[in-house]
Amino acid sequence: MKDLGAGTIYTETVVYSPPEAYVDDVPYQLAIVELSGGRRVTGRVDGERAHIGDRVQFAEFRNNVPFFRKTS
Amino acid sequence: MVGIGKTAFGAFPDRDLRSLAVEAGQKALENGHANTSQVEAFYLGNFAGPSFTGQNHLAPYISTAIGIKGVPATRFEAACASSGSAFFHAVSAVGAGLYDIVLVAGVEKMTSQPTPKVTEILAGAGDLCGEVRAGATFPALFAMIARRHMYQYGTTREQLAAVAVKNHQNGAKNPLAHMRKVITMEQALAGKPIAEPLTVYDCSLISDGAAAVLIMPLERASEFTDKPVRVLGIAQTSDHVALDEKDDITTLRAVKTSAEKAYKMAGVEAADIQFAEVHDCFTVAEILAIEDLGFVAKGEGGPFSLAGGTCLNGERPVNASGGLKSKGHPVGATGVGQICDVVEQIRGQAGERQVKRNTLGLAQNLGGSGATSVITILGAA
Numbered sequence: 015m016k017d018l019g020a021g022t023i024y025t026e027t028v029v030y031s032p033p034e035a036y037v038d039d040v041p042y043q044l045a046i047v048e049l050s051g052g053r054r055v056t057g058r059v060d061g062e063r064a065h066i067g068d069r070v071q072f073a074e075f076r077n078n079v080p081f082f083r084k085t086s
Numbered sequence: 189m190v191g192i193g194k195t196a197f198g199a200f201p202d203r204d205l206r207s208l209a210v211e212a213g214q215k216a217l218e219n220g221h222a223n224t225s226q227v228e229a230f231y232l233g234n235f236a237g238p239s240f241t242g243q244n245h246l247a248p249y250i251s252t253a254i255g256i257k258g259v260p261a262t263r264f265e266a267a268c269a270s271s272g273s274a275f276f277h278a279v280s281a282v283g284a285g286l287y288d289i290v291l292v293a294g295v296e297k298m299t300s301q302p303t304p305k306v307t308e309i310l311a312g313a314g315d316l317c318g319e320v321r322a323g324a325t326f327p328a329l330f331a332m333i334a335r336r337h338m339y340q341y342g343t344t345r346e347q348l349a350a351v352a353v354k355n356h357q358n359g360a361k362n363p364l365a366h367m368r369k370v371i372t373m374e375q376a377l378a379g380k381p382i383a384e385p386l387t388v389y390d391c392s393l394i395s396d397g398a399a400a401v402l403i404m405p406l407e408r409a410s411e412f413t414d415k416p417v418r419v420l421g422i423a424q425t426s427d428h429v430a431l432d433e434k435d436d437i438t439t440l441r442a443v444k445t446s447a448e449k450a451y452k453m454a455g456v457e458a459a460d461i462q463f464a465e466v467h468d469c470f471t472v473a474e475i476l477a478i479e480d481l482g483f484v485a486k487g488e489g490g491p492f493s494l495a496g497g498t499c500l501n502g503e504r505p506v507n508a509s510g511g512l513k514s515k516g517h518p519v520g521a522t523g524v525g526q527i528c529d530v531v532e533q534i535r536g537q538a539g540e541r542q543v544k545r546n547t548l549g550l551a552q553n554l555g556g557s558g559a560t561s562v563i564t565i566l567g568a569a
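Which chain is which? The protein sequence lines are Y and B, in order.
Using our numbering, you'd call the opening residue of the first sequence number 15 and step up by one each time.
Using our numbering, you'd call the opening residue of the second sequence number 189 and step up by one each time.
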C-alpha cells in the first residue's frame, strides 16, 4: 500500500455509537483528510485529537483503512 | 392525489413489515374511496427490508396482501429517499399515460434489530469501500457535515438544538408520532454524545411504520374526491454517495438541483413556498435543507432556526408534523409519509399542527448523505 503523505483535516468527528464491526473501537476519531494534490480520503486519526485545519501525516493502513497522526 | 394513509410510527414488536404496509395501503384506498380492483400499478419504497427482516420480493408480497391482483408491483430503493423515489417514478408513469390509478407505499421495519446492527445496515447507504470501512456511521457523516458548517458559517450547538426542540414541540401534537415528548434546550444540549458534535437529541429515531398515497390524473380525481391535492412540481436528482467525493459538504447539491427543477415545473419560487416537510434525519440536515431549498441564504439556516422562523407560528413553518426527529424515521416510509403530512395540511386536516398559510407546500426527501434528493411541491387543486 502506498504512503498517502501529509494532509489537512477538512472535517472530523469522534464516534461514540459504532456500527457492529467497530463496537470495541469507541470512541474513535474519524476525519476527511485533504491530501496534497486536493484529493480527499476518509480515515482515522490516531493519538492526539485533531481539528479542522490541523496538519496530519499518514501513518499506516490497517485493514485497508488509512490512519493519520497530527503533526502541528 | 386523492387518498392518503399512514400507520403510527414507533416501535411495534408485534407488527411485521407486511402488516404495516397493508394497513397504510388499505387506509389510502379507503381515504381515496377506491377499491383494490381499480389499482393499475403498485410502487413500493423500502430501503433495507431484506437486511432488517430477511424478506425479499417485497412489492408483490405486499400488494397481494392488500388485495391488489396481477398488476406491476415494484420496489424502489434509494436509501432514505426510497419512497420519495417510488412516488417520483409513479407520478412520472401516470404523467406519461401508462396508468391512471396507482398506489404508492413506503415501509420500514427497523426495531427488531439491536442498535449496532441497525447502524451497520443504515451505513450500507454510504460507501462501503471507503468511509464506512473507516468507521463512518450516518450520525458520523452528518456530524462531519455539522463540523464543517460550524467552521464555515459559525453555526452553533444551540442552533442545532433549536431544531430538535421545535420538532419535538410539533411532534407532541401529532397522534401518530413516535416520540410525543416536549424537550427543553438544556436537555437537547446535554444529550448523550453519538458522534461529536451531535448528541442523541440531534438524531432522528429508529422506527417502524408505513405510509401510502393514491394518485391519478387530475381529470379522474373528481370521481373519487372533492378535495384532490395537486402535484405541481416534482424532481429527483443525484450526487456522489461518498461524502469525501463531494466538493462542498455544507451544501446538499442534489437538494439544490432537484428544488430548482421542481420550482421551475411548478412555476413558483422558493419564496412562494408557505410550509415544508424536510428531511431532518439529523438536526443539521434541516439547517442545510432550508438553505439549499432557498428559504434562507447559505449560513443563515442556524440563526433562522434559533430565532423561531421555522416554528408552527413562524415565518415559514418547517416539519409541523414533528419531522423525522419526533415523528420517527422508518426509513423507507419517510418520503411518502412527508407527502401525506403535506396533503393533510393542504386539506386543513392537521388539527393542532395546522399551519395558517396552507395552499402551497413542499416535501424534501433525502437519501444517504445527499446522493438522492426528491422534491415534491403540492398545492390545492
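Mixed in with the good hints, there may be bad ones.
Said to hold, decoys possible - Computed beta-carbon distance windows for the label pairs: (1) Y:His-65 x B:Gly-285: 55 to 61 Å; (2) Y:Gly-19 x B:Ala-485: 36 to 42 Å; (3) B:Tyr-339 x Y:Asp-17: 23 to 29 Å; (4) B:Glu-346 x Y:Glu-74: 17 to 23 Å; (5) B:Ala-458 x Y:Val-79: 23 to 29 Å; (6) Y:Glu-74 x B:Gly-502: 37 to 43 Å; (7) Y:Val-40 x B:Ala-199: 43 to 49 Å; (8) B:Gly-258 x Y:Asp-39: 30 to 36 Å; (9) B:Arg-368 x Y:Glu-62: 39 to 45 Å; (10) Y:His-65 x B:Gly-496: 48 to 54 Å; (11) Y:Val-40 x B:Gly-255: 33 to 39 Å; (12) Y:Val-40 x B:Arg-368: 28 to 34 Å; (13) B:Ser-280 x Y:Asp-17: 47 to 53 Å.
Calculated directly from the structure, the hints in this document are not laboratory data.
Quick caveat, the model's predicted, so the values are computed rather than measured.
The beta carbon of each residue, even a glycine, is placed where N, CA and C say it ideally should be.
Could you work out which of the previously given hints the structure breaks and list their numbers from low to high? The structure breaks hints 4, 5, 6, 7, 8, 10 and 11; every other hint is satisfied.
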